[in-house]
Amino acid sequence: MKNILTFILFMCYSVISSQNIKIDYKITLNRNSTITSGVSFYYLLLKNNESVYYNKPEDDVKGLKHKDDAFDKKVKQDGSIELKLGDKHSITITKDIFYKNYLKDTLIFNDFLPPSKKVIVGESLNLFKWKIIPKQDTTILTYKCQKATCNFRGRKYVAYFSKDLYQMGGPWKFDGLPGLILYIYSEDNYFIIEPQKIALNQSQNDIKNPYTKDKIITWQEYAKIFEEKLKKIAKLMKSKFKEFDKLSVKITDKIEDLQIEEIKLKIKE
Amino acid sequence: MKNVLLILFFLFSFYCSAQNIITGKIQDANNTPILLANVLIKQGDETVEFVMARQGKYSITLEKEYTKIIVEITANGYISQTQTLDSVQKNKTYTLNFILPIDDIKKLDEVVISAPKQPIQIKGDTTKFNVSSFSNGSERKIIDIIKKLPGVDVDDKSGEIRFKGKPIETVTLGGDDLFGYNYSLGTKNINVDMVEQVQAIENYSKNPLLKGIESDDKVILNLELKKGKIDLSGEINGGLGINANEKLVGNSNNNFITVAKNYKSFGILSYNNIGVNNSPLDYVGGGIGVEKLKEKDYFANKTIPETILGVNLDNNRSNINNSFFGNYDAIFKIKKRLSIKFNLYYLKDNIFSNQLSQSQNTINNQTFVTSDNRTIYKKPSYYRGDIEMKYNTSKTSLLEYNFRIQQEQINTQSNVLQNNEKNFDNTLLSNDFYLKQNLLFTKKLSTKTALQVLLFHSTNQIPQEFSITPSVFNPNNFEKDVQKINNRKDYTELNATLLGSHKGSKYIFSAKINIENSPLSSNLSSRNDNLNSQIIISINDLNYTKKTFSTTGSYGFERRKWRISPAYSISILDQKIENKIQANVQNSQNFIFEPSLTIRYKLNDVSSIVATSNYKQKPNTETYLFTNPILTSNRSIMSNQPNLSLQNTLSSSLFYRKNDLFNQFRLSFGATYQENNGNFFSNLDIEPNVMRSNYFYLPQNTNSLNFSFSTEKYLDMIESTVKFTSNYSISQYKNIVNNSNLRDNQNNTFNNELTVRTAFEGDFNFENATIFIQNNSKNNQGGRFSNQFLSNISKLVYFPNKKWFFSLSSDYYLPNVNKKTENYLFLDFLARFRPKSKKYEFNFVFNNLLNNDNFTQIETTDYSVNIFQSRLLSRYFLMNVSFNF
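Those protein sequence lines, which keep their order, are chains A and B.
Quick note on my numbering: the first sequence kicks off at 1 and runs consecutively.
Quick note on my numbering: the second sequence kicks off at 1 and runs consecutively.
If you are wondering where the hints come from, they were derived from the structure by calculation, not from laboratory data.
It cannot be assumed that every hint is accurate.
Stated by the list, open to error - Listed next, the in silico DMTMM-like pairs over lysine to aspartate or glutamate satisfying Cα-Cα at most 25 Å (straight line): (1) B:Lys-147 / B:Glu-202; (2) A:Lys-135 / B:Asp-45; (3) A:Lys-135 / B:Glu-72; (4) B:Lys-92 / B:Glu-49; (5) A:Lys-47 / B:Glu-72.
Chain A on its own, in the form it takes in the complex (with noise of 0.2 Å):
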């Protein structure tokens, strides 16, 4: 009896708030190496308790800064492009899913471990420590946004979030703050997530969690396998460049600090 009493009261409850918003995002990353660098595309979907951020890899194509000297597209099976870039790099636009669950407070996502294997990471939503910032209120595509601040895994951030469009939400891995996040990038403007479009109500689908059925590793696991990985990669160098002295491996172009200091090897004893 409890059981159906609950069912009926949560189907009011969906009635409700089937509210749904999508925002399409403008995302600059300026790394350190210009030829990887460039404005690529996400859109956000909310609909309820959930929330996913994702991309369309093709239309990221368009907006590499190298683009013009892009040659041999592929498409891979999970929807990813892998694409030559002059003599020496070659990009692989994947297609990334965050997946956000407020009930149950978890965020799940797609991330690569070296060389280039992906895997699926599980986080806690409450991730950023903010602080909001009084009297910086300011208007972004008509809604009234509040600003906050926070340092998340080696950079600072600023945010501008609305409580006027939604309670919660934000782009990637960003939330917890008492309304949606519309606008953030990071101080030393690395990572920029600009809105360019903000629809209400168009979506008909509801959200479904992608990664049903897959393994899911924590974020510290990830790290670890990271550094794991990365010291395989450093001692297959150390075999095959045998006239350099040092070898070392560092990470310095990545969004988030996985806090894994340099490796270094000796190669002449």
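Following the hints, complete the assembly by docking chain B onto the known chain A.
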């Protein structure tokens, strides 16, 4: 012990005070828990702490101590509720339960909000300007938009476009270079509606192999066409009307663009007699186009200058024309590696002018007035064809071949009433034939070095014939004087260049051999065709050759905020004049070293200081070759004392530039100083009927100093862009007038322009430009000549709806500020109607409403004040229909 206790107590109490906890339930009106909600702790309007509540329960431990707080609960689909805690007691847990009513107002309608297109986007080397953001609806051709873009300057006379102070190389169409230096073809003719974006691309390399190797100071504009404007698009435009003399006037300007996978083309076919110039050539004002300026070394010197017909007025008012112009440009990508470009030009015009020039000369304390009243018919015709082939012989090499042939003929008939007493009929026939070929091979040696080899050949022939009836020299026995000139220049060059870049530095080294050969012959005679007799007055027959072997090098070095670019050129110059009449040969050989240095210091991303200095040595022989007199107009005779000496020029400049495109603020100021040592000076012999000028060389100085200031800012407060430019120049030179000693002269010009352009949201907009020019000339004999000029040009635009557009412009000129009664006011009115489909457009043009048929401009020299009056296009009404496809 007492102290320790106190500290312990303090720590304890502090710890206790942070223990305020607020918990509670969040439910809807049916007492059902609300699954997700935000709990906000506020002080006044400010949110100080917050937490997310799940399943209708919350608990927040306050991090700080507060006396009064507001607890607000927000949830999707519900109206937020607040409760206030007035006096928060330390170390206490509060329970606050909330019931949130359903928000009925939140509708589930579909709504889409898009980010407005930013007017300016900067990505790396590319600055993108969205055309719609800079349009107020009054613009028709893309040049009207380009003029308004921040950071862009357009020179009205030459059509030259500059971006951030640098002249652009070309204007490409969707990335393809169709027009070359004659980019005004595109900017003057392409419709605003066809273009989505104007992009300024810095660090541009025309040759893709040199990208990143070439020194990065080239800029181009790219016109990005609107999507959907593919295949074939363009405009058909025709207008008919009537002028104040009840004669028909007409204007038709048709153009098209085709875009296909392997083919892109642009074409123009135009006719008008309302003074519009759609071509890059200028036969009215005598302006030199961008292309001719770049190629001036390859052209022979036109001995008799063409008659200048225009006055310094906007809107082509003095161009009483009848012109036909056609142009076709196309690029074909034949194979993956081979592309061919064609450019064809055709122009025919018949320009009428009636002008009165009056000089008040004050020489050696004598004053006399000379005047010429001319009626002129100038008929230029121009034919030209260009072919450019690009062939990528491999992935790292490119072969380019250029060929151009052009023929220009100008026939000028004029009747002159000299000093209100003598009447002459003049005919000047100038031909100009030009043939150019060049072959350029580029090989990329590595990712950072490239080699270029250039083979260039051109020939230019300018035969001229000037005849004047009755004879000036022998009026009693002969009916006319005929001046014939045959002038040619052959130019051959072989050039090898090595370009490279290394760790942020860029270098170029080149070795060059060039040979120029310029024969000139002239014959001035008095003739009587009836009696078949002639008497020769003056002949010239000479040949000038110039051979140069030179090596040049430049290096650009960039570290942090500094860029230092030293350059040098070392050459051996061999010159020879063979004068066949006097049977003498002048010879000279020079060793020339020319250093130059440019230093740039970047203050920040948007501002920098640039200092340049260079030293040049070049012969000016070519302009002053002939010894015996040549008649160049009904009153002027020119001769020279040829000299092979070099002119040494030292020029230096220092500039501050700020280009803050985001804030639409631009500021630049600086000074340029130039000193020439070794010049040809004129020895003028001025009489009421004739002016003889003899040019001779003296190792004397002339110098000029120029200060300039320019600023442009969009002022949000008045919703307007304000632009102010100011120039002050002083030039000092020498001459001899009527057997005087060598005189020192000075010319000062002070030029100011203030422009205000509104960007109001409403239906009305306004543009106003005020120009004030002060001219002072003086010589060391106490002669002073000055003039002040003022003009104010304003335009009022009324755009009540998307269909109708009206503009009224009033141009006011005061050629001499001290004579306020002699002023000119021009009124022009335009009404435009555009039906909803935008395919058609109707223009109703009322030009020169007050029917001013004359305009006067005043210039000063070191011995005279010259008044120049010219006939203008009379009032006309024209109705124009255009169809866009």
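How the hints compare with the structure:
1. B:Lys-147 / B:Glu-202: holds, 18 Å
2. A:Lys-135 / B:Asp-45: Holds, at about 9 Å.
3. A:Lys-135 / B:Glu-72: holds, 18 Å
4. B:Lys-92 / B:Glu-49: holds, 17 Å
5. A:Lys-47 / B:Glu-72: holds, 23 Å
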